[in-house]
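Now that you have both chains on their own, put them together as the hints suggest.
Sequences listed follow chains P and H, in order.
Every letter in the first sequence is one number past the one before it in my numbering, and letter 168, counting from 1, is 168.
In my numbering, each residue carries its 1-based index in the second sequence increased by 265.
If you are wondering where the hints come from, they were derived from the structure by calculation, not from laboratory data.
There could be a bad hint or two in this list.
Some chain P residues flagged as far from chain H (calculated, every beta-carbon gap over 12 Å) [what the hints assert, rightly or not]: (1) Gln57; (2) Arg73; (3) Arg144; (4) Ala155.
In silico lysine to any residue, SDA-like type, Cα no more than 25 Å apart, as pairs [claimed, not checked]: (5) Lys340/H to Pro12/P; (6) Lys340/H to Asp10/P; (7) Lys340/H to Pro38/P; (8) Lys464/H to Pro414/H; (9) Lys399/H to Lys340/H; (10) Lys340/H to Arg202/P.
Even for Gly, the Cβ is constructed at its ideal location relative to N, Cα and C.
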Amino acid sequence: MSELSSLDNDQPLLVAEGLAKNYGRLPACRDVSFALYPGEVLAIVGESGSGKSTLLQLLSAQLAPSAGRVSYRMRDGVLRDLAELGEAERRFLFRTDWGFVHQDPAQGLRMGVSAGANVGERLMAVGWNHYGRIRDTASTWLDRVEIDVGRIDDAPKTYSGGMRQRLQIARNLVTEPRLVFMDEPTGGLDVSVQARLLDLMRNLVSELGLAAIVVTHDLAVARLLSHRVMVMKGGRVIETGLTDQVLDDPREPYTQLLVSSILPP
Amino acid sequence: MTAMIELANAEKTFTMHLQGGVELPVVRGVSFHADPGECVVLSGPSGAGKSSILKMIFGNYRCDSGRIGIRHHGKVVDLATAEPRQVLSIRRSTIGYVSQFLRAVPRVATIDVVAEPLIVNGVAREEARERAGKLLRRLNIPERLWTLPPSTFSGGEQQRVNIARGFISDLPILLLDEPTASLDAANRAVVVELIAEKKTKGVAMVAIVHDDEIRHLIADRIVDVTSFAAAA
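So that you can see chain H by itself, here it is in the shape it has in the complex (with noise of 0.2 Å):
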């Protein structure tokens, strides 16, 4: 395969044992692909299990069944059933996540939490810092807050914050969990620019996004995840 992610028949469910066992189905048969270059938006109701699925792909969430293929280092590695340490190769080189929410580390400054993914990849502190404030620039955080924690933040300043530690890799393959949610216009639009940016890297990306204007903006392809329910 050429695609960078490529996912079949992939499934989830969970079981609440505390809740007397009960079964808790989340999607079932999840098969579509991702290729590089490409921004493929999932799509659905909110419950539908698509932040399930992102988390699938990064291995947050773990696959019951199926498969989920990862174009990692030219190899295809098969993320349902690879071995912790083989997860953490690939989130480091290959599978970044912009998640809604920034789990930020107490006293950790923001231009550090922003750098911190190329100094994971070898680039020297001063380059990643650098270009750290680039994109922080860009995303409109004064230039004053970046030697304090993020954790003082308003939810939209950590968001941004969330954003540039995810958009500063190289990484081929982004996974993004609603990137506009509460940002202002003039963020939503930087947004949007640094995922085409991507796009002409080459980069694979699939996002979930409710804003039906940002959707129409970035989404090269729609996969409805409805079809995947596995709730029946």
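Here chain P stands alone, though its shape is the one from the complex (with noise of 0.2 Å):
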């Protein structure tokens, strides 16, 4: 990965503590605690029903923790928890200060309104309200995106799988947000359309020095983009580090069947 210059810094963005999430009697979650700091990109991995999207709900305020609790440092340096945040806060954060890019962009899209309005919608959530400016930024963000700037009157339903997924990351980002969760952002997508993506995503992470969450079952997803990874079976994280030593080197029997699992090109 490119540009960690804000991994210098000592003040994690988010933390995570004793995190916990129980189903009636199934956890799905259980004591999960690290930290996540500035400009750093952490992958997620593990098979369906690992807990992983259950983690990142939580960590995205989307659900709340049976226990334990997300501490999240607001713009103004104050490290708090996201259970104890005001309306307005809240909506800062989901608005401005956070990105979600979902496996299917039409959650996260409009699928009919123009991709434009897409962008400049979140634009206007917090406050522009000049249509010159909001349509001039939009189609800077389209064109970073690598869509034709002459598709922006249409709707993303006329879009294909990829331009789709890259409006919905142009769409995030616009608000210059510090942290994205990223839920399988490549998931569905042809192999050549993937890579196109994961570079675009890596270039712009490095360039925005954006910190990530990404959760994703492809390994090869978690070494382009992440730094760090968490592995989770049975809804605890069984083996964390820095994303190369954990797939070259992996210690769990769990991750070792995973890292033996790729299938070579």
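In structure tokens form, the structure reads like this:
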């Protein structure tokens, strides 16, 4: 990975402590603790049902934990418990300081309105009201995610899967968030489309110094995008460390199984 | 210590859980150091653990016990116990690693692959690309290839791109894993020259080379890895 300058920052951006979530008597996520620093990309890997998506929802305050807590450093520098934020502060996080890239772009986009409006909407939500400036900024972002600006007035339902995913990324990054959550961002895309998207995300993350938490079952995605990886199984984090270390020198039986299950191209 | 790298009793064992938990000892009691401006060559037959030792010094393989002291920003950090963030910081500004194979990112132009380590350390893009071009020219990569991603290149060309990427930075420690393995005589000579230039700049190097002639040209000291053999 490139441009890690913000990694020298010694104040964590997000801190999880003893996080747990039970669905009835079924524990989906157990005793997860870690700190994420500005500019750091963390991958959460594991198979379906390992609890990684539940963990992502806990971390992004979309789900209340059964135990433990998540704290986030607000722009004023103060670390705050997410469960104790007021409505205005929560809105600020969701609309501005955080991004959320869903596996299915239809969940993160409004499929019936134009691409320009999809990007502009996040700006209007934070008070932009000059139509010309919003449109210019939207055009710039379409260009950055390699969407032909000539398609700005078309709705994403007319876009290909890869274009929709890139539009979703533009919509999320336009407000210059500090933290982006991604849930299987390349899932369901053709391999060639995946490579382009990964390269694009990798560049944007390093140029903008973004912190990101990426849930993926694809170890190649983790290797290309992340600095650090957490391996989950049965709702627990079973192994964690530098991404290349965990993938090249896996220690736990389950991690060794995951790594050895990759088919060579 | 004034050494840039100092290993003391470093040890590594792989436990293969998928093969019934078989223990595969790799190295034990690894102790040696590298001073600024010195190239230490690891010798020993294939499978003796030379590459594993380099990977441990880079933090790519974990060290089970012992110590791997690295002089980083004037202080000694034990890489065997360092936090992931510290290891990343060390890789950014202290240790470079030239592996045998290039792990290229799809779609990135050769010139940018080579320039990237400089850009990461704050060198302006234009200057970084200029220096990348100079190095690629020295390593006989024709200019018409610079804008193409290296994934389409031949093995020897990819290795030279990898060498350019490894040698471009001003890092005080370089780890070289068979940097001349698939090169012709002219390009081998360029690599020998590059190593000599790094020595005059005070860079500490640990290298693996199988070619006796090259070893003779670059080595200031030879460390025999067979004495660290763990499989007794």
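Okay, the hints, checked on the actual structure:
The Cβ of glutamine 57/P lies farther than 12 Å from every Cβ of chain H, with a closest approach of about 25 Å, so its non-interface assignment holds. The beta carbon of arginine 73/P is kept farther than 12 Å from every beta carbon of chain H, the shortest such distance being approximately 16 Å. With a least CB separation of 15 Å from chain H, arginine 144/P remains clear of the 12 Å interface cut-off, as annotated. The Cβ of alanine 155/P sits about 28 Å from the closest Cβ of chain H, beyond the 12 Å cut-off, so the non-interface label holds.
A hinted pair counts as satisfied when its Cα atoms are at most 25 Å apart, and lysine 340/H with proline 12/P qualifies at roughly 23 Å. Restraint check: the Cα-Cα separation between lysine 340/H and aspartate 10/P comes to about 18 Å, which is no more than 25 Å; the hinted pair holds. Straight-line distance between C-alpha atoms of lysine 340/H and proline 38/P comes to about 24 Å, which keeps the hinted pair within the 25 Å bound. A C-alpha spacing of about 31 Å is found between lysine 464/H and proline 414/H, which places the hinted pair above 25 Å, so the restraint is violated.
Taken as a hint, the lysine 399/H and lysine 340/H pair is broken in the structure, with Cα atoms around 33 Å apart against an allowance of 25 Å. For the hint linking lysine 340/H to arginine 202/P, the alpha-carbon distance of about 31 Å lies beyond 25 Å, and the restraint is violated.
Taken one by one, the earlier hints fail for this structure at numbers 8, 9, 10, listed in ascending order.
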